[in-house]
Amino acid sequence: VTAPVHTKGSETTLRRRLLAALCAALALGAAGLAGIPASASSHREAPLISQDPTADNTDLYLFRDSNDPSKVDIVANYIGLEQPAGGPNFVKFGDDVLYEIHIDNNADVVEDITYQFRFRTTIVNGNTFLYNTGPIGAPNDANQNIQQTYSVRRIDSTGSHLLFSDQPTPPVNIGPRSTGGDYEAKYVAPSIKTLGDGSKFFAGQRKDAFFVDLGSIFDLAALRPIQSNHLINMPGNAPGVDGLAGKNVHTITIQVPITSLLAPGANPSCATSNSQVNDKSCVIGVYASASRQSVRVLSPQGEPPHNAGRWVQVSRLGLPLVNEVLVPLGKKDFWNSIAPEDDAANGIFAGVVDPELGRLLPVLYPGVFNAGGIDRVPPAPRNDFVAVLSGVPQGLGAGAIPAADLLRLNVSTPVTAPASQKRLGFLDGDAQGFPNGRRLPDDVVDEELQVIAGTLVNGGLDAMIPGTAVPYRAVGDGVDHSDRPYLGSFPYQATPVSGYDQPPTG
Amino acid sequence: MTPRRLRLALVLAVPVAVLAACSGGTHQPAAPLTTSAPGRLQPAADPRPSPRAALQAFLEAEQRGDHGASLALVSSKSRAEYPTPADWARRRRELPAITGFHLEADNVAVVEHEPGLDPFVGLSPARERQTWMTEKEGAGYLLDAQPEVDALIPPDETARAAALSWAEALQACDSPRAKALQAVPYLFGQSDGPARLCGAKGEVSAATAGRLSPGPRSADIVGQYGSDALSWARTVKVTVPGASFTTVLAPLGDTWKVLGVSEP
Chain A
1 VTAPVHTKGS
11 ETTLRRRLLA
21 ALCAALALGA
31 AGLAGIPASA
41 SSHREAPLIS
51 QDPTADNTDL
61 YLFRDSNDPS
71 KVDIVANYIG
81 LEQPAGGPNF
91 VKFGDDVLYE
101 IHIDNNADVV
111 EDITYQFRFR
121 TTIVNGNTFL
131 YNTGPIGAPN
141 DANQNIQQTY
151 SVRRIDSTGS
161 HLLFSDQPTP
171 PVNIGPRSTG
181 GDYEAKYVAP
191 SIKTLGDGSK
201 FFAGQRKDAF
211 FVDLGSIFDL
221 AALRPIQSNH
231 LINMPGNAPG
241 VDGLAGKNVH
251 TITIQVPITS
261 LLAPGANPSC
271 ATSNSQVNDK
281 SCVIGVYASA
291 SRQSVRVLSP
301 QGEPPHNAGR
311 WVQVSRLGLP
321 LVNEVLVPLG
331 KKDFWNSIAP
341 EDDAANGIFA
351 GVVDPELGRL
361 LPVLYPGVFN
371 AGGIDRVPPA
381 PRNDFVAVLS
391 GVPQGLGAGA
401 IPAADLLRLN
411 VSTPVTAPAS
421 QKRLGFLDGD
431 AQGFPNGRRL
441 PDDVVDEELQ
451 VIAGTLVNGG
461 LDAMIPGTAV
471 PYRAVGDGVD
481 HSDRPYLGSF
491 PYQATPVSGY
501 DQPPTG
Chain B
507 MTPRRLRLAL
517 VLAVPVAVLA
527 ACSGGTHQPA
537 APLTTSAPGR
547 LQPAADPRPS
557 PRAALQAFLE
567 AEQRGDHGAS
577 LALVSSKSRA
587 EYPTPADWAR
597 RRRELPAITG
607 FHLEADNVAV
617 VEHEPGLDPF
627 VGLSPARERQ
637 TWMTEKEGAG
647 YLLDAQPEVD
657 ALIPPDETAR
667 AAALSWAEAL
677 QACDSPRAKA
687 LQAVPYLFGQ
697 SDGPARLCGA
707 KGEVSAATAG
717 RLSPGPRSAD
727 IVGQYGSDAL
737 SWARTVKVTV
747 PGASFTTVLA
757 PLGDTWKVLG
767 VSEP
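Keeping their order, the protein sequence lines are chains A and B.
Residues in the first sequence are numbered consecutively from 1, following this note's numbering.
Residues in the second sequence are numbered consecutively from 507, following this note's numbering.
Rather than coming from a laboratory, the hints here were simulated on the basis of the structure.
Note that the structure is predicted; figures quoted are calculated from it, not measured.
Be a bit skeptical, because a hint or two may be false.
[Unchecked claim] Calculated cross-link-like contacts (lysine to any residue; reagent style SDA-like; alpha-carbon spacing at most 20 angstroms): (1) A:422 <-> A:474; (2) A:193 <-> A:164; (3) B:685 <-> A:70; (4) B:763 <-> A:166; (5) B:743 <-> B:638; (6) B:707 <-> B:763; (7) B:743 <-> B:721; (8) B:685 <-> A:124; (9) B:763 <-> B:638; (10) B:707 <-> B:678; (11) A:193 <-> B:691; (12) B:583 <-> A:422; (13) A:193 <-> B:692; (14) B:583 <-> B:638; (15) B:685 <-> A:473; (16) B:763 <-> A:422; (17) B:685 <-> A:417; (18) B:685 <-> A:422; (19) B:763 <-> B:661; (20) B:685 <-> B:705; (21) B:763 <-> A:151; (22) B:763 <-> A:165; (23) B:685 <-> A:429; (24) A:200 <-> A:70; (25) A:422 <-> A:473; (26) B:583 <-> B:616; (27) B:763 <-> B:663; (28) B:583 <-> B:642; (29) B:763 <-> A:122; (30) B:685 <-> A:200; (31) B:685 <-> A:166; (32) B:685 <-> A:474.
[Claimed, not checked] What the simulated footprint calls covered on chain A by chain B, stretch by stretch (three residues with Cβ under 8 angstroms from a Cβ of chain B suffice, anywhere in the stretch; the number is not a length): (33) 145-152; (34) 162-175.
Built from N, CA and C at the ideal position, the CB exists for glycine as well.
Produce the complete structure using the sequences and hints provided.
In structure tokens, the structure reads:
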């Protein structure tokens, strides 16, 4: 391709066409090309878990706290694409689900610390259909007819410790008559559990922090900003539309001291240094999961199901989009059932060193990725992927830690002030951004598309895709941020959209 | 390492990869793709000269939280159920932590726990009697992983007294005292009875304790604490003039505490 497309910002027809083809190809690949239902970061990403939203991990975030850099925040989201107007039985956590956050602190990919969460629902008055029988003044007040509490256990090298029990969750955001006023002050602040070491815990409904043009991507990989150039041409370009705008999620968010997550004997500078420490003992790897008991017996008389047996993992999430993009359809459910340390033994990483998407691009879009008859996507084995997964973003050398599907953070990485954060994170020189951890505003869709396209191999975000005048930076879905601003303090994700205020679905 | 440095490093790595790909070697990772997974390695079996010695060693290992050592004392048949030490450790964490024990016989131990009730391990009885099966393997003995367990709980008569004390506290409108006699702050089940006790006239009475039956009234409790609740929980019917309801009690240490309520 010798496209006469030149300066950044130039919107020539050819460039738009190239971008369209490129982005459509990438998005098509992200869709899996396998006919699976729609998914976002990990919303409904595998056949079995797509039928079980209560146990479905949707996103995981991990970042050093910008208000208190001595702490780390972990945000584990579940129950994707949650409609705010969900009455009369609004969305809640599953009483029959074991939710967990797993932390590897010695780089062997095996969990060393586990936080476990169990929920319990109480119906105050079974003789009404109402979620609440009047305005709710505080979590679990007398007017809140359906109440949910939770318990937390931490398991580490010293044993298992019940941290607390029966902590209320806030009511879902129903509307101005039921949950009016300052939702954060009335319901969220009293629901935050603070422990003696300063750890904070929150579980409840929030506005989903993730953002992606879900509707367009899954309409045969169209991207609205350039959809007139789609292979199935649609006249008229349009801005990207956030498919998660106006959608809520249920989150478990914890903020814990860095020192409480490090391995015994870790470099003490990990928690105190003002610059990134080149030491793998400063790197933690995290994944979240959900498990159900192996046996469920249904009653023919409308009684609650009876659950028994061992807990079986039905969902997990470390790095965003791994199960969506890299794991083939036939292994997605299996992948959800195993732990990261078992990935390699089960052949999961074949999709990392030779991603299907990378092979598809030149076939689907020869004008861009097979320009001049040469494949423009880096060939397998993708050592750039392996490097990214094995320590480079964490300030270590490539291969310093085993590549694994864990969301990893060097906890000594200095915090980037929110105003200075770059949505393309590490790729754009922001050392605290994804994939060194993941902050709420990090645009992981664009970042991962750019990496697959070859930005790390071919000169960075501002380099041109070989044979074209299209910079890697331009690769994206056109949705660069969430529709609601994040909070400046814990629990950070935005206030949930109320059912009354749910945007029209058109 | 910055993205720029990463790109420089890849300048060397990628040509190798390209060559590998062009020569047909498209699946040759340049770096290890995951851990050697020490967590997957089974420890060598550690049979002991007698069933008693095996049980003693197993419980000692568990008491100090050394699940690797306890796995080495488990029979090969039982080990097949736990493919990795991580699987075994996870299973052990679902059980109450051992704080002490003594052997009553070669294969019988009374095991002590910190008493408690939570949705992760269910009931942690202060004491339980464990009866173990042993297998002769090689030159010694190993244990089957699942002992028969009998929680040693307070007598049923004290459950009746506990329910009565709780109801009397409610009748006296002494909510703090009633809460202190509960196992959880939010009781399981539904009944108007407790709310109507405050200030009620007449004598409160409590019936003999019985077992918790499976069904809708126990479903929430079983869901939180497991089906073992059907064996350790007790029910006591409480009556005041004009009203009655049923309490569900849990054995916490040496006492019973109210866990739930239901219509009689």
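Going through the hints against the structure:
{"no.": "1", "hint": "A:422 <-> A:474", "in the structure": "15 angstroms, holds"}
{"no.": "2", "hint": "A:193 <-> A:164", "in the structure": "9 angstroms, holds"}
{"no.": "3", "hint": "B:685 <-> A:70", "in the structure": "38 angstroms, violated"}
{"no.": "4", "hint": "B:763 <-> A:166", "in the structure": "16 angstroms, holds"}
{"no.": "5", "hint": "B:743 <-> B:638", "in the structure": "37 angstroms, violated"}
{"no.": "6", "hint": "B:707 <-> B:763", "in the structure": "24 angstroms, violated"}
{"no.": "7", "hint": "B:743 <-> B:721", "in the structure": "17 angstroms, holds"}
{"no.": "8", "hint": "B:685 <-> A:124", "in the structure": "17 angstroms, holds"}
{"no.": "9", "hint": "B:763 <-> B:638", "in the structure": "30 angstroms, violated"}
{"no.": "10", "hint": "B:707 <-> B:678", "in the structure": "10 angstroms, holds"}
{"no.": "11", "hint": "A:193 <-> B:691", "in the structure": "16 angstroms, holds"}
{"no.": "12", "hint": "B:583 <-> A:422", "in the structure": "55 angstroms, violated"}
{"no.": "13", "hint": "A:193 <-> B:692", "in the structure": "17 angstroms, holds"}
{"no.": "14", "hint": "B:583 <-> B:638", "in the structure": "14 angstroms, holds"}
{"no.": "15", "hint": "B:685 <-> A:473", "in the structure": "61 angstroms, violated"}
{"no.": "16", "hint": "B:763 <-> A:422", "in the structure": "55 angstroms, violated"}
{"no.": "17", "hint": "B:685 <-> A:417", "in the structure": "47 angstroms, violated"}
{"no.": "18", "hint": "B:685 <-> A:422", "in the structure": "51 angstroms, violated"}
{"no.": "19", "hint": "B:763 <-> B:661", "in the structure": "13 angstroms, holds"}
{"no.": "20", "hint": "B:685 <-> B:705", "in the structure": "17 angstroms, holds"}
{"no.": "21", "hint": "B:763 <-> A:151", "in the structure": "19 angstroms, holds"}
{"no.": "22", "hint": "B:763 <-> A:165", "in the structure": "16 angstroms, holds"}
{"no.": "23", "hint": "B:685 <-> A:429", "in the structure": "56 angstroms, violated"}
{"no.": "24", "hint": "A:200 <-> A:70", "in the structure": "13 angstroms, holds"}
{"no.": "25", "hint": "A:422 <-> A:473", "in the structure": "12 angstroms, holds"}
{"no.": "26", "hint": "B:583 <-> B:616", "in the structure": "25 angstroms, violated"}
{"no.": "27", "hint": "B:763 <-> B:663", "in the structure": "13 angstroms, holds"}
{"no.": "28", "hint": "B:583 <-> B:642", "in the structure": "11 angstroms, holds"}
{"no.": "29", "hint": "B:763 <-> A:122", "in the structure": "19 angstroms, holds"}
{"no.": "30", "hint": "B:685 <-> A:200", "in the structure": "26 angstroms, violated"}
{"no.": "31", "hint": "B:685 <-> A:166", "in the structure": "13 angstroms, holds"}
{"no.": "32", "hint": "B:685 <-> A:474", "in the structure": "61 angstroms, violated"}
{"no.": "33", "hint": "145-152", "in the structure": "holds (count 3)"}
{"no.": "34", "hint": "162-175", "in the structure": "holds (count 3)"}
The structure fails to meet hints 3, 5, 6, 9, 12, 15, 16, 17, 18, 23, 26, 30 and 32 from the earlier list, while all remaining hints are met.
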